[in-house]
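Each chain, letter by letter, is given below.
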Amino acid sequence: MYIRPRSVAEALSALSTYPSQILSGGTDFFPSLGDRPIRETVVDVSALHELQGIFRATNEMRIGGLTTWTEIIRTPLPRCFDCLKVAAREIGSIQIQNRGTIAGNLCNASPAADGVPPLLALDAEVELTSSEGVRRIPLSEFIVGNRKTLRRADELLTAVVIPDTFRDASSSFVKLGVRRYLVISISMVAAVVLVDGAGCVTAARVTVGSCSAVAQRLRSLEQDLIGMPVSNCDDRVKPHHLSVLSPIDDVRATAAYRREASIRLVQRALQLCT
Amino acid sequence: MATTSEIGVHSGTISISFAVNGRKVTVSTPPSRRLSRLLREDLGLTGTKVGCDAGDCGACSVLLDGEPVCSCLVAAAQIENCQVTTVEGLEQCSRSGGRLQKSFLIHGAAQCGACTPGMLVSAAALLDHNPNPTENEVMDAIGGVLCRCTGYRKIIAAVANAYHMPVERLDGGQNVGKRVPRLDGEAKVRGHEIFGADELPSGCLGLRAIRSPHHHARFRFEDIDAFVLKHPGIKAIFTAKDVPGKNRYGVIPKFADQPVFPEHEARFRGEAVAAVVGDAVAVESLDVGDFPVSWEEVPAILELETALAHDTARIHEDRAENVLVRGRVVRRDVERGLRESDLTAELEVETGFIEHAYIEPEAGFARRVGDQIEIQACTQSPYMDRADIAAILGIPPENVRIIPTAVGGGFGSKLDLSVQPFIALAAWKLGVPVRMVYSRNESMMSTTKRHPSRIKVRGGCKRDGKLVALDFAADFNTGAYSSWGPTVAGRVPVHASGPYYVPHYRALTKAVHTNLVPAGAFRGFGVPQATIAQEQLYDELAEKAQIDPLEFRILNALDGKTPTVTGQVLGEGVGIRACFEALRPAWNNSREATGRFNFSSTRLRRGVGIAGMWYGCGNTSLPNPSTVRVGLKPDGRIALHQGAVDIGQGSNTIVAQICADAVGAPIEVFDLVSGDTAITPDCGKTSASRQTFVTGKAAQMAGSQLRKRILALAKGCECAVIHFEDAELIVEEENRNIPLALRDVPMDQYGYVVTAEVTFDPPTKPLDENGQGTPYAVYGFGAHMAEIEVDVELGTIRVLKVTAAHDVGRAINPTLIEGQIEGGVAQGLGMALMEEFFPGKNENLHDYLIPSAGDIPPIESILIEDPSPIGPYGAKGIGEQAVIPTAPAILNALYHALGIRLRRIPATPDRVRTAIIASQKKGDVRG
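Heads up: the protein sequence lines correspond to chains A and B, in order. Oh and the first sequence: position 120 is 100 in the working numbering, straight run, nothing missing. Oh and the second sequence: position 595 is 592 in the working numbering, straight run, nothing missing.
The following block holds chain A by itself, in its conformation from the complex (with noise of 0.2 Å):
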């Protein structure tokens, strides 16, 4: 059955009455899916207008959760949010970029998902809704493990609220891959750093994708910079920071390699920040 609602209500009768898999950009749904046939229920998301475009919100930003990784790129959006346009232009390619949305890319929970490390280092959180109502969690706390998360069947990830918090903060994001484009990391980090007028860190958030099974915060870095002069933050980067890191050995990378090349991709976000 192929069920494409026309409202968000009408999306979530669906998705309570059916077992069924959500179907927005298909950027994720049709690879996945190869040459087998569609067994499952499928819910079109992708005529649901209403979770489309950024808006502000009282001391926050809402991304509605069908926005394209193109209009992220398209919209102007304070200074903080240049991590999150970088990676959005790394993700895949134009035509990805063209129809893959924030909340397929995070419900996807792929370990290599480019825009996981922003959003985790911009203190994002999800807006999960059921016809139950509306509940918000932590992205850090919403990814659970490869490819798993908290949304229930009958919930539609709606929307991604980024707190103002780093409004004015300074970002970035870098990608390690073997080439150019369409090219799945082996490394990415993101980095947001808030510094005070004497130019130290007053708060900071280094994310890590690509190199456990969920994009990791590296906590005891980030309150390691605190009080640094950000020009300096980078030499202040030891491998005990990235001990929260399980990197794997795959196709693209050992996991010895990917431990120490994330060390300089940390240092290089961090210069990107200054």
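If you are wondering where the hints come from, they were derived from the structure by calculation, not from laboratory data. C-beta atoms are modelled at their ideal positions from N, C-alpha and C, and glycine is treated no differently. Incorrect hints may have been included.
What the hints assert, rightly or not - Below, computed lysine-lysine pairings styled on DSSO-like, alpha-carbon distance capped at 27 Å:
#1 Lys918(B) x Lys453(B)
#2 Lys919(B) x Lys218(A)
#3 Lys218(A) x Lys918(B)
#4 Lys919(B) x Lys541(B)
#5 Lys762(B) x Lys251(B)
#6 Lys243(B) x Lys232(B)
#7 Lys558(B) x Lys463(B)
#8 Lys128(A) x Lys838(B)
#9 Lys453(B) x Lys463(B)
As the list claims (entries may be wrong) - Derived DEER-like restraints, expressed as beta-carbon distance ranges:
#10 Arg329(B) x Ala235(A): 46 to 56 Å
#11 Asp230(A) x Gly920(B): 26 to 36 Å
#12 Pro143(A) x His189(B): 51 to 61 Å
#13 Ser12(A) x Gly592(B): 44 to 54 Å
#14 Pro17(A) x Ser25(B): 16 to 26 Å
Given chain A, work out where chain B should sit, using these hints.
This is chain B only, laid out in the frame that chain A set:
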């Protein structure tokens, strides 16, 4: 039937209205159907190609409300009321489409044409709002579309210059040497070209293969009848017992060992054991996991080491130690040569499987016509297909007709059978047309690859740098079946010296079976792997002799008088020295500039490397004739039957250019007749860089003969000019014009007024037990110089520029030759830096990486024309030559940058970084 405007809940089909290329359409379709399928199968818009069904290749790009998207990732239900623009409508529906298509033709930006629609559509989206894009903007725009033929540079130029196109010069005169736009180009840029998957006879059934999920497994079918009963629309299942003729084929008959379907045991992951045939919809919606077969996995041989061990089981009973074949070339005494050398060096190299990754997966259909079987499919070798299919069906070859379609890239893999045995068998048995289209996944898991290799080389030279000896040994993993393993084992020893004079020489090779996908032909038949070892070794020797690497090569370069390692003295047309000398100015400048750069840079280090190449055109010491027929039609046009399949390299254009000059006719009067085996004689396979040389030569001879016969008919003199305007030719002599009314001349058996048919077979001599003899009549030569930048901290390599000098004898069409060089460089770059296929691990185009538009640096081609006395107008081959020197040049540049050599390639960031760390520990990283 519900519509989307109602409740939005659908089972079955829905009605969708949208605009395609400005035309309103309403279709009835399952709502989840991929837009790519809807366009191709339901609306007949086959210009949009399907390369991967996963958004990894971009071939299926279309504009959806003006923005490029992969149509394989869009569900039919999602395009209600949208505007879709495909390549067929690009000219009228986008501002820049028509201009872009023209620019692609002029720049030679389309080769095989499989990526072309996706490229054009993506580029049009850019140009429509930015007519003067920068190179980076162009790369961003086309970065989501993969191309395997062109190396992207001509595409980038075509897009960037679409609004600044050079003015076309349409002067008459000679065709050879001119940048004639490819004759089949118009169809490619408009999306009208017919590839393997683009035609579908009515009533055609679909076919899917059931493939082994294990490297080595015994299998047993369960209740097949029950399966058929349970699946309405499924008509038949075919297995080994249904093969009426020989259940065994292979490109080299002597070694034929591959079954259409094995009986009880699959020898590699991906081997087909059965075929399911039925209505297109039933077959498409089949979950092959439901097929009633049970597998018993048995121990598999995956490594060369294990395969060669004495106590290892044999994959083929008659092949001891799993050795398919050995190759050997020995000249004088290599041990003595090494003893007498002042300086010696040695190194080992290992390479992995490399996937051809053409954008068009294998596809075609077969139909039975009486006691004949017709197969329309993409192939590089129509007549070989004919012979194999005849044997499989147990019918005479004359009863098999092969109709080659346009080929969306081949590079060697489409020499082997893929879909053909399955569709032929099913159509033969069922009497209805049957079609098969490989998915990217099954194409990657089951078709041939470049051979993994393990190579050891030792070499020696005198203190003055003169080479004395080379000892070369290589084992090639040929996978489960023979394919082109014997050719690789045979070609490599002939070439492993490189284009240099090496007095004492020994090269021994083995092609070894494992339980992995068969390795076959891939641009260069093992020579690219061998050259990676040999050219790095020569760099080592040059360093020991304290001679500049380029000068070392010039010092040792073959000339017309020195014998090759097979004892052949080449005489005229040995342009290798000229290639190296042509690179000298750039080399000296770049080495100097690199030194300056590195003096003040630590995180980024640059290096410049060089490598040379030679490559024999045509089969090794074996006959490989081409027969070209050319006929003057009653309307004054000329039919050119040339069976050299154009796989993107340009033989349709090159052969016509050669023939046109031989006839003395403008190329516009030629009508190309395809390599259909029912109407065109055998021009052999498109491989071994033989089509320009062998078929080109046959076309030249046939063209001359046609000219002579026309002149004889008109009683004109030899120097007359023939005017081919219409049904009355004018033969113009100095003082008179002789009219020749063609309608008055009786037609021959082919329906032509005058016909010429000529066969050319290159003169070669067999090799003796030491590999001495004349393996090839013509060789191509070349040298590449690669400039790279290494990020020392991350081990990433960026290639900054490649300068490629090639002795092509005579550049029949410089644009097409540059296209071959640029495409070869791109594949060489991929081989050096990113490509390795792991069966079972990266059978898709997001885990297996080929270079994207952003990875290919500027490429400067320098064409040297040292004519071959035998080739047509002096021409030599270029197809494989172009790929061979790039990887070793890059690896030599890596050594120049950092003093490291990798035993195993590709030089992925992790491997490079590991080598950097190891050399830093030893304290010998160059400062």
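Hints that the structure is at odds with (numbers, increasing): none
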